[in-house]
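Could you build all of it, start to finish, from the sequences and the hints given here?
Going line by line, the protein sequences match chains A and B. Oh and the first sequence: position 255 is 255 in the numbering used here, straight run, nothing missing. Oh and the second sequence: position 338 is 740 in the numbering used here, straight run, nothing missing.
These are computed hints drawn from the structure, not numbers from a lab. One thing to keep in mind: the hints can contain errors.
Said to hold, decoys possible - What the simulated footprint calls covered on chain B by chain A, stretch by stretch (three residues with Cβ under 8 Å from a Cβ of chain A suffice, anywhere in the stretch; the number is not a length):
| hint | segment |
| --- | --- |
| 1 | 547–560 |
| 2 | 649–657 |
As the list claims (entries may be wrong) - Just the calculated beta-carbon pair ranges, DEER-fashion:
| hint | chain 1 | residue 1 | chain 2 | residue 2 | range |
| --- | --- | --- | --- | --- | --- |
| 3 | B | 454 | A | 130 | 32 to 40 Å |
| 4 | B | 828 | A | 207 | 51 to 59 Å |
| 5 | A | 90 | B | 705 | 19 to 27 Å |
| 6 | A | 113 | B | 705 | 34 to 42 Å |
C-beta atoms are modelled at their ideal positions from N, C-alpha and C, and glycine is treated no differently.
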Amino acid sequence: MVGALVVLASGCGGSSDEHRTLTVVVNAPFSRTPYVGETIARGAELAAQEVRAAGGIVTDDGTFDLRIARADNALSPQRAVANVRDAIRDHAVAIVDEGTGVDASWMLARDAQVPLAITYQGGAGLVDPETRPNVFRVAPTDRGISFRLAEYLVPKGLRIAIVTDDSGYGREGKAALAKAFGSNPEAVALRAEVPAGSGGVSTAVLRARRAGATALLVWGQARTLAAAITASRSRGWQVPVYAPPSAEDPLLRQQLADHPEWVDGLTFASGRMTAERGPEDWMRFQTAFENAFGADLVGVRTSSGAPVAQPPDYAMYAYDFVRVLAAAIDRADGVDDREAVLRALDEVTVRGANGDERGFNVHNHEGVVDDDVYFARFEDMTFRPVADDALSSTLPVIDQTR
Amino acid sequence: MPGTTASESVTPGRTFSELRRALVEARRAWSSRAWLGTAVFTAALLLPLVLPRDVAVDRLAHYAYLAAAAVALGLLVGPGGMPSLCQGVFVGLGAVISARLGSVPLLVALACATAVAALAGAAVGAGFARLRAVYLAVATWLIAWGFALALLASPRIVGGAEGVVVGPGRVAGVDLTPTVHYELGVVLVLVAVLGTASVRRSALGLQLEGVGVTPAGALALGVPRGAARTRAFALSAALAGLAGALAVHLALVADPAAYGPLLSFQLLVACLVGGAASPVGPVVGIALVALMGPAGEAVGRLTGAETARFGAMLSALLLVAVLASGTGGIVPAIETRLRARSRRAAPEAPAERQARAGEPLAAQGLVKRFGEHVALAGLDLDLEPGRITALVGPNGSGKSTALRLLSGGLVADEGRVRLAEHVLDALPARERVRLGIVRTLQRPPAFTGMTALDAVAVGAAADRPARAGRAFFATPAARAGGRRARADALFALDAVGLREAAGRRCDELTGAERQLVAIAAALATKPVVLLLDEPAAGAGAQEVAHLGDVLRSLRGDGLTVLVVEHNLRLVHDVADTVVVLDRGAILARGSPTDVADDPRVRAAYLGRAVPVADDDI
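Printed below as a string of structure tokens:
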């Protein structure tokens, strides 16, 4: 009887001693690109676990724990929008989003005063503090990646064939590359858009070869990238291939596992894992991540037979946002005033997983600065920073075997 | 009033009388089923008021729009017998057009989307109207794939994988919130159900059903298969396009991946599970399909497997179970049980009979060859009004060929056919039916699933105006068309002595009764010449006697009747003139007694010239 009363009492009322659980929804393509979905969700879950372990977010309105709920958008904007609707209906305190469908869903989140944080896609139009005050991003921007790619490739005197796919990720990349290479049109041998996945990629690669390209820059999903590498290498075309962060997706290495030599040399741009402070913070985060979920094994081995593990670099972004959110809830003294939480997100800063400062302000909702983009090259199914780029050459190699 | 024309001055009065007539009809037709429908509709409209806050009204609205598209598809699948697998294309077309026209007023965008979808539907209908069901399914499935690939290949139009983002929409100062969308969806479902029910009752519905269940029989009655199916496709596509155009403002994005072949398949599954024979069936089907998602998730959670696949798997299992039951879907199964409990009384006796007087039909020198084989070698026939001519002869003598040449089913190689002053040489069958020459088939059309009254009404509706829009909105002309078709059908059933069977399903009738239904359907076209192909086939002595009475009655009405028959007792009893064919040529002609006495006839039938009694031949 007493127990029942305690349960009832804990379920209603609003005393400051209340311990409530707030839901953060991860809206990501769990079924279509599991790596992206899992890495975002696990990063967010690790942060939520740490909040719980620290006794929750203690405010005048009570103590709050965070719970992570997963919603599969299957890379469909329509489903992504429906997921955001569901999240709002479930009183989610925030949405951690891969980026699909945000152009349509951000308005729903805005009307409900729910912050929406993109932790994968870097499209330029997705984030704008003026028009989309509830949209944040903790991920490298396409602008930063594309300008760094141009900066890196143009001096090499390459004739680049730019192949993009028609996914949201690919189309945003296409727009960013158009601007980045706009002042160096002579560096571009061909531009081609292909359907996301493998369809039509072979034709585009063949056209690139005929157009005299000396490098392929493929911006699309991992499947598109794998198809482009297969199309070039299977025809004996040893052209250097460059890519955005989707090259990290384990799916690519899994698809090319029968030809590990085809992966060698694939160079991609991404946000750096370690900060100026050194690799210690990152290593601490990676250890905590692997303790919580185990190593994210890619499913391939090095030539010496060692299993390859994927570093949780994109998990870091979701992790960082959830920690910023927790700080904002703390600053807003609870979640009853959603507008206050949104305001607080523009005011707080936390130390990120790799030691970098993470935070936003009213003029900038980007959590990763463009200067943090580095280049890595695959070798023996793992990647390491390149030596021919000033920033990348200073970064430590992160061990990826287990 | 200056400037007012006579027609304008009578319009208000006419409108009033039509409204009053509609009200009277509605009041007469109002039944417990109508009360139930009204209650369900009202409850559906009020549902958002009583739903807990955590129930997804937007999902309900989404399924309401899908239900409207499925109801529209039900018109094709049910009476039309066309298992279209491209309904999702029209939904997608409406959605994409509405999204691309985001800058124009929503009502204009909706109108454009509906019109384009209707045109696309008409094109598909015109292209595939003649296909049999299985080929039509394959062809429309390919269209669904083609559309999906076209969307994929047109990122500039459909925004690539990210689709085209649209606003929530606003009509007449009202924001289209999910709740408003839900109400709109429910209203659209109601309009679709009532509209398609009205079509089913109309002349167009009778034509569709006739072509759907018995193509050969309907064509013999002069039903315009291509036109009827094209109109049905256009109407169905228009509704689906409108549903898609509205739904995209709920989804806030026209997502090309959402309009793939799977959507078309889902809509067809809903039709088949719920039952396309009833306008309400697809709504029930969509409700079940909607429940499969959560059910699949529950199964997935129990088994710890990937949940996304279980919903589709459960839908497939449900479909298999319904198909295996052979009930034609859930709603028709329930309706059949209810009907069995309260069998409808036969319709009231016809008030008056409207028949056309017969006209003379003459054939001169008809020749038909099939390769080397000469089926008819110069047939001359003179059929007079008010007389029955019997065409007899052994198998392969050319009787049915003669009948097909007269009815327009075949074109003669030589010779001429005249109906009074009309020369019919190159006139196709449908045109000859319009002139009044109608033929029954050797094997009576099954008209499976239709009542005798509706089967006969197919003949009455064959030549009636069948505008899809008028039928959908149940205009006075459309309602009158359906009413008159059934009234004519009742006259025809009365003429063959089957009025009591008007409410019975054709598949419950005996073979002889089905023959009489076929004759009644031919009579319902108001013919001047009736061509009957073995009407006594399979009939017992009593039934043959009744058939004889019917034929004599038709002769009494002044019809011109030609009967091809093997039952020589019937021929002897009813024929005024008997023409005996052998190997494509006339062997004998005369009264039944004269012909029976002709030794050449006996030789042709029995292989030798021996004297026999009349009854033996």
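Status of each hint after checking the structure:
1. Counting residues of the segment 547–560 of chain B whose beta carbon lies closer than 8 Å to any beta carbon of chain A gives 3, which reaches the threshold of three, so the coverage claim holds.
2. Only residues whose beta carbon comes within less than 8 Å of a beta carbon in chain A count, and the segment 649–657 of chain B has 4; three or more means the coverage holds.
3. Taking 32 to 40 Å as the suggested C-beta distance range, the pair residue 454 of chain B and residue 130 of chain A conforms, at roughly 37 Å.
4. Roughly 56 Å separates the CB atoms of residue 828 of chain B and residue 207 of chain A, a value that falls within the hinted 51 to 59 Å.
5. Range check, residue 90 of chain A to residue 705 of chain B: about 25 Å between beta-carbon atoms, so the 19 to 27 Å window is met.
6. A C-beta distance of roughly 39 Å is found between residue 113 of chain A and residue 705 of chain B, which places it inside the suggested range of 34 to 42 Å.
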